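*Asks:* Spelled out, the chains give:
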Amino acid sequence: MSAQPRIAEGAGAIGAPERALGGTILAVEGVSLAFGGVTALSDVSFDVREHEIRAIIGPNGAGKSSMLNVMNGFYQPQRGVIRFGGREFHGMKPYEAARMGIGRTFQNIALFRGMTVLDNVMTGRSLKMRRNFFLQALRLGPAMREEIEHRRAVEEVIDFLEIQHIRRTPVGRLPYGLQKRVELARALAMEPTLLLLDEPMAGMNLEEKEDMCRFVLEVNDHFGTTIVLIEHDMGVVMDISDRVVVLDYGRKIADGTPDEVRGDQAVIDAYLGVAH
Amino acid sequence: MHLLYSIFVDPFVQMGAAPDLLAQTLWEGLVSGILYSLIALGFVLIFKASGVFNFAQGIMVVFSALTLVGLNEHGVPAYLALAITLVVMLALAFAVERVILRPLVNQPEIILFMATFGLTYFLIGVGELIFGGDPKVMISDQLRLPSGSYRIPMAGGFVQMQKIDIAATVIASLMVAALAILFNRTRIGRALRAVADSHRAALSVGISLEQIWVIVWFAAGVVALATGIMWGARSNVSFALEIIALKALPVLILGGFTSIPGAIIGGIIIGVGEKMGEFYWGPLFGSGIESWLAYVIALVFLLFRPQGLFGERIIERL
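Going line by line, the protein sequences match chains Y and B. Count the first sequence with this note's numbering and you get residues 1 to 276, in order. Count the second sequence with this note's numbering and you get residues 277 to 594, in order.
Bound-form chain Y, shown alone (with noise of 0.2 Å):
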């Protein structure tokens, strides 16, 4: 695959196809996020643009994670803005982040193991479910009308990410690659305009790789949807991403198209040691 950004009227890669990237939608301003004595992220500033794929890559440690977890409201950075969706946020609750269209898989899988993967896509229409639960406890029509609807989006959802054959199976017994994908379901299913994939591809083996990655694209194409992803398998991260940020000991050291970020010596420094 060619490593060229996919960037506006860029040269394509192959199963790509061209789009153009949209303004900012999203943008991160001077983050700086500490437990207690331990500084996880520091003056950490960068943009992600509308329909594009931004990598956020970085040795172990070096606060990606905790970089998702402050967009979505899980961690409250100590300083620092979020501008999304108009509004600037210093810190901002889940179930908010979630209202305004950020959705989220996470590094080690959190699904609802008891529900069946039906079940578990179901729950990323919560926010979207507006009738009375009066209604929907007795099974009127309104909300009985709802119901069925978000089911056909839900369904939607399965068929593309290919889950249909697993739609009855409680997700607790389904090999680690389908969790994953069930996971990215339930994401998908709350129609995110933001979607934070953290490591979507880590412990897979190459066929779940090459599907994730697959998958990650179509999302992108097919809905317009805007990924931010964090990944360490750098053949995955330079094929698909328009940019990448590198972020080494809580800070940024590096941000830009694959193959400027892949010149960077800084970056080579942090991924390969320096000599002091």
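Simulated from the structure, these hints should not be mistaken for laboratory data. One or more hints might be untrue.
Residues of chain B clear of chain Y, computed beta-carbon distances all greater than 10 Å [unchecked claim]:
#1 Val352
#2 Leu380
#3 Gly408
#4 Leu421
Examples of chain Y residues lying across from chain B (beta carbon under 10 Å, computed) [unchecked claim]:
#5 Phe35
#6 Asn72
#7 Glu96
#8 Arg99
#9 Gly103
#10 Arg104
#11 Ile109
#12 Asn120
#13 Met122
#14 Arg125
#15 Glu147
#16 Arg186
#17 Asp259
#18 Asp264
The structure displayed is predicted, hence computed values, not measured ones. Beta carbons are placed, not taken as given, at the ideal position from N, Cα and C, and that holds for glycine.
Fit chain B to the supplied structure of chain Y, relying on the hints for placement.
*Replies:* Just chain B, lined up with the frame of chain Y:
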């Protein structure tokens, strides 16, 4: 030989000889079973939604009943007192969420369990401070709970059914039906189950933990109030009631910690088992077996079905 006879044969001969007594024993077992179920239901609600075994459920029963009676003693009309008590339970739910649960998000369950111990002693303290430690009489008449009893003739004798017991049975059934519908058919129900499974994942799809916790604790508070009224009407309202929380344990082991029908059936099995055991086999042990039989039944169950009758089987991939 004689021992075997008195264990395995004699009780059944007695049952056959006096069906009216058998029916009476069964009825009494059923009624106390339903009250156990109500308590267990309070536990199941909170356990299902937050994975916390709420030790304070027992004291919530006492506290709500005391509030109701205490308000009435101060001249508040019974139904207004009932409404105010509901508001108090709602306020309690908000307070528990704000002061206990929210700061302890993502902590291990044992820590939350210990926190409910703290809540128990706090409520005992506050209850005694406000209402005093003396037992109180439930305001059954003011609440227009039925009193008196029916006598149903049967096989030469009769079965006596207290009207209050019948009312308890009906109210418990309605409550269970309402809760089952809430859990299985509504988005709140789905959200409740989601929160029980994973806090992080629930948050990420936009479910507000705070809201869900307030809802379940309030629901548990309402169940506690119903239990308190029913139980209080049969004996009286005192802090001694708090130990019935411990009776809910064998019920939960039997029924499974996560199952509403399990709580009901478990409660009935324990209630009936206790009364039957006491009446027919009790004399063999010099009576008093009612206090421990439930635990023995639960123990036997644990050997064969550790997840309970209706509990969700946890399948762990290794």
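*Asks:* Now, for every hint given, state plainly whether the structure supports it.
*Replies:* Each hint, compared with the structure:
1. Val352: 29 Å, holds
2. Leu380: With a cut-off of 10 Å, leucine 380 of chain B remains clear of chain Y, as the shortest Cβ separation is near 16 Å.
3. Gly408: The claim holds: glycine 408 of chain B sits with its nearest Cβ about 40 Å from chain Y, beyond 10 Å.
4. Leu421: Holds: least Cβ distance 27 Å, greater than 10 Å.
5. Phe35: Nearest chain B Cβ about 13 Å off; hint violated.
6. Asn72: At 7 Å from the nearest chain B Cβ, asparagine 72 of chain Y passes the 10 Å test, so the hint holds.
7. Glu96: Interface hint status for glutamate 96 of chain Y: holds (8 Å vs cutoff 10 Å).
8. Arg99: 6 Å, holds
9. Gly103: 7 Å, holds
10. Arg104: For arginine 104 of chain Y, the interface hint holds, since the closest Cβ of chain B sits about 5 Å away, which is under 10 Å.
11. Ile109: Since the shortest Cβ distance to chain B is 9 Å, the answer is holds.
12. Asn120: 8 Å, holds
13. Met122: 6 Å, holds
14. Arg125: Status holds, d = 8 Å.
15. Glu147: 9 Å, holds
16. Arg186: 6 Å, holds
17. Asp259: 33 Å, violated
18. Asp264: 32 Å, violated
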